[in-house]
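Q: Sequence:
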Amino acid sequence: MSWGTELWDQFDNLEKHTQWGIEFVERYNKFVKDRTEIEISYAKQLRNLSKKYQPKKNSREEEEQRYTSCQAFLAILNEINDYAGQHEVIAENMSGLIFAELSRYIQELKQERKLHFQEGRRAQQHIESCWKQLENSKRRFERDCKEAERAQQHFEKMDNDLNVTKADVEKARQQAHTRHHMASESKTEYSNVLQNFNKEQHEHYYTNIPNIFQRIQDLDERRIVKIGESMKTFSEVDRQVIPIIGKCLDEITKAAESIDEKHDTQLVIEAFKSGFEQPGDVEFEDFSQPMKRTVSESSLSNSRSDGKQESKGGKSKGKLWPFIKKNKLMSLLTSPHQPPPPPPSCSSPSAVPNGPQSPKQQKEPLSHRLNEFMTSKPKIHCFRSLKRGLSLKLGSGPEDFSNLPPEQRRKKLQQKIDEINKEIQKESDQKDGLMKMKDAYIKNPQLGRPETVDPKLAEIEQTIEKLRQESQKFEAWLAEVEGRLPVRTDQPRRPSEMHELQSTAVNNCAQDRESSPDGSYTEEQNQDPELKVAAQCEFDDEFDDEEVLAAIGTCKAMYPFEGQNEGTIAMAEGETLSVIEEDKGDGWTRVRRNEDEEGYVPTSYVEVYLDRNTKGAMTYI
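By the count of numbering that gives the first Met the number 0, the sequence shown reaches residue 620 at its end, each step adding exactly one.
Since the hints were made in silico from the structure, they are not lab data. Predicted model only: the values in this text are computed from it and were never measured. Don't take every hint at face value.
[To be verified] Pairs of lysine to any residue residues, derived as SDA-like cross-links and limited to a Cα-Cα distance of at most 25 Å, are as follows: (1) K253 with Y66; (2) K455 with D431; (3) K156 with A171; (4) K29 with V88; (5) K272 with A478; (6) K435 with K415; (7) K415 with E479.
[Said to hold, decoys possible] Cβ-Cβ distance ranges computed for the label pairs, FRET-style: (8) H201 with V88: 53 to 63 Å; (9) E62 with M434: 36 to 46 Å; (10) Q239 with Q117: 50 to 60 Å; (11) Y41 with M230: 18 to 28 Å; (12) D585 with A475: 25 to 35 Å; (13) Q239 with Q414: 19 to 29 Å; (14) V88 with I268: 30 to 40 Å; (15) D417 with E574: 52 to 62 Å; (16) E62 with M230: 46 to 56 Å.
Where a beta carbon is used, it is the ideal one built from N, C-alpha and C, also for glycine.
Could you put together the complete structure from these sequences and hints?
A: Okay, here's the thing in C-alpha cells:
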C-alpha cells in the first residue's frame, strides 16, 4: 500500500500525522533523558551511602575491621560502590546511544519532512494555477461566444430592417464577423488550456503527489523503525550490565557467607584478655574484736618470716598487701607527707634545749592508723592498682605500656616492635639506594661527587642505630612480659613524687575494690607462696633498685636530720656528703654516703658546693 495512491487527497492529514510522529519521538527522547538523570542520581546516592558508612581512619571503626562481620560489611559497601558504577554506565550508554542519537535524528527528520511538504505544496500550487488558467480561458470563451451570438442577431436585425442604411448593415455584418472570429480563437485557446490542464492534473495526481507522499511514507516508516531500535537499545543497555551486577550480588552473598562467628568471638578474647586469674573466695572478716585483730593479724612490727608463716598457716589479713614490704607500708601509713622541714631558728643546735627541730611530725599510734585504714577500706588490689597509680602520675600512656594487663601489654609491645622493624627496613632500603648512588658516582665522577652522599649515609646510620636501640628496649620489655628476662628497674623517685604516687596508688586500690562487683580482692588470690615471693621481689625491685649516678658536688650538714621518711637519709651536724642530684624546686637534695647509701635531705639543712665543670659553684643556705 502506498500513501500516494491511497491517500492522494489527504495532504493536510498526512502533514498532521507526520508532525505528531516527530512529537512522539521527542517525547520518548525526553523519557530517556529523565531515566538517565534518575540513574545518575541513584548512582550518586549509592556512592554517598557507601562513603558514609566506610570506616573512618584513626578511629575505633578501623580497629573493628578485624571482625569478619565488619569485613563482610566493608565488602558489601565496596560492592555497592561497584553497583553504583554500573548504573553510571547505564546512564552514560543511554545518554550516548539513545538520547544523543535521537536528538540528532529528530533534527534530520524535521528537515526532511519540511522539504517534502514544501515540494507537495508547490505541486498543489501548480495544479491550482493550471486550474485557474483553465477557468479563465473557459470564461473568456463563453463570453466571446455570447458576444458573437449577440453580434449575429444584431446584424440580422439590421439586415431585415428597410429603414437602415446599407452602411449600417455592413458595419453590423463586420462586427458580427469579428465577434465570431474572437469566439473561435477563445475556443481554440480554451481547448489548448484544457488539454494542458488535464495533462498537468494527471501528472500531479499520478506522478508528483504519489512520489512526494511515498517519500513522506518512507520518512515516517524510518521514524517508526528508529523508535523500535531505540527501545531495543534501551533494554540492551540494561542487559549489558546485568552480568556485572550479578557478580556484585554474588560477591555480597560471598561476603555474607564468609562471616565466622567463632573467629569473631576469638578476636574478642584476644582483644580484651587481661591474663589475670579469676578472683578467689571472699574471706570472712570478724569485726567483733577489731583492735585485737588489727594488732594480732596485721601488725607490721612482726618480722618478714612471721608474716610468711602466717600466710602459710592460715588466711591472715597480711594478704591485703602481698607485695608491699613493711617499711613501705609504714611509709604509706605513718609518713607525715609534708614539705621539707624548715631549718632551726637558731644557728647552732646547742642553743636549743632539746636539740634541733625534728623534721618528723608527731604520729598517731600505728595500731590506730592501721585500724582506721583497714576499717574504711579493707581491701586493695595491691601491685596492679599501685602500678596504675604510678601510671596516672607519669601519664596516661607509659612508653612500656605498663598500665595495660599482661596480655594486652604483650600485644602492644609486639605491635610497636613490628612498626620499628618496618622503619628500620625503610631506612635500610634508603641506605642501599644511596650506596648504589655512591658507587655510580665513584665509577662515573661526571654524575656527581661521592663524598656528597656521606653525610646522608651517616645520618641514616644514626637513625638506624637509634631505631635498633628502641627495638632492643621494647624487645626487653616484651621479654619481661613473657618471663624471659628479669623485671626492669626504674629510677628512684623523689620523696615528693613518692608521696603523690603512693597516695594515687592507695586511692586507686580503694576505688578498684569498691568498683568490683563483690568488693573483693580481684587478683592473685590463689597463687602459690613461691609465686607471691617472686612477685614481692619484683615489686621491691621496682622501688629499691637504683642506678649509680656520678657526684656533681659536695654538701655539709648544717643541722642534724633523722631521715625517718621513705627515701630520705639521716645525717649528723657537720657531716660531709656527696651531692648526686640538685634540688628540683621541691626542697629536697639527693646525696650519697660511702658509695652505698643514698637518699634525700632537706636543702635548707645543708650547704651545697657544686663542681665548676658541671655548674657554677652555688651555696644553699
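Q: Run every hint past the structure and note whether it holds.
A: Hints, one by one, checked against the model:
{"no.": "1", "hint": "K253 with Y66", "result": "holds, 16 Å"}
{"no.": "2", "hint": "K455 with D431", "result": "holds, 12 Å"}
{"no.": "3", "hint": "K156 with A171", "result": "holds, 9 Å"}
{"no.": "4", "hint": "K29 with V88", "result": "holds, 19 Å"}
{"no.": "5", "hint": "K272 with A478", "result": "holds, 19 Å"}
{"no.": "6", "hint": "K435 with K415", "result": "violated, 30 Å"}
{"no.": "7", "hint": "K415 with E479", "result": "holds, 15 Å"}
{"no.": "8", "hint": "H201 with V88: 53 to 63 Å", "result": "holds, 59 Å"}
{"no.": "9", "hint": "E62 with M434: 36 to 46 Å", "result": "holds, 39 Å"}
{"no.": "10", "hint": "Q239 with Q117: 50 to 60 Å", "result": "violated, 42 Å"}
{"no.": "11", "hint": "Y41 with M230: 18 to 28 Å", "result": "holds, 21 Å"}
{"no.": "12", "hint": "D585 with A475: 25 to 35 Å", "result": "holds, 31 Å"}
{"no.": "13", "hint": "Q239 with Q414: 19 to 29 Å", "result": "violated, 47 Å"}
{"no.": "14", "hint": "V88 with I268: 30 to 40 Å", "result": "violated, 45 Å"}
{"no.": "15", "hint": "D417 with E574: 52 to 62 Å", "result": "holds, 53 Å"}
{"no.": "16", "hint": "E62 with M230: 46 to 56 Å", "result": "holds, 52 Å"}
Hint compliance for this structure: hints 6, 10, 13 and 14 are broken, all remaining hints hold.
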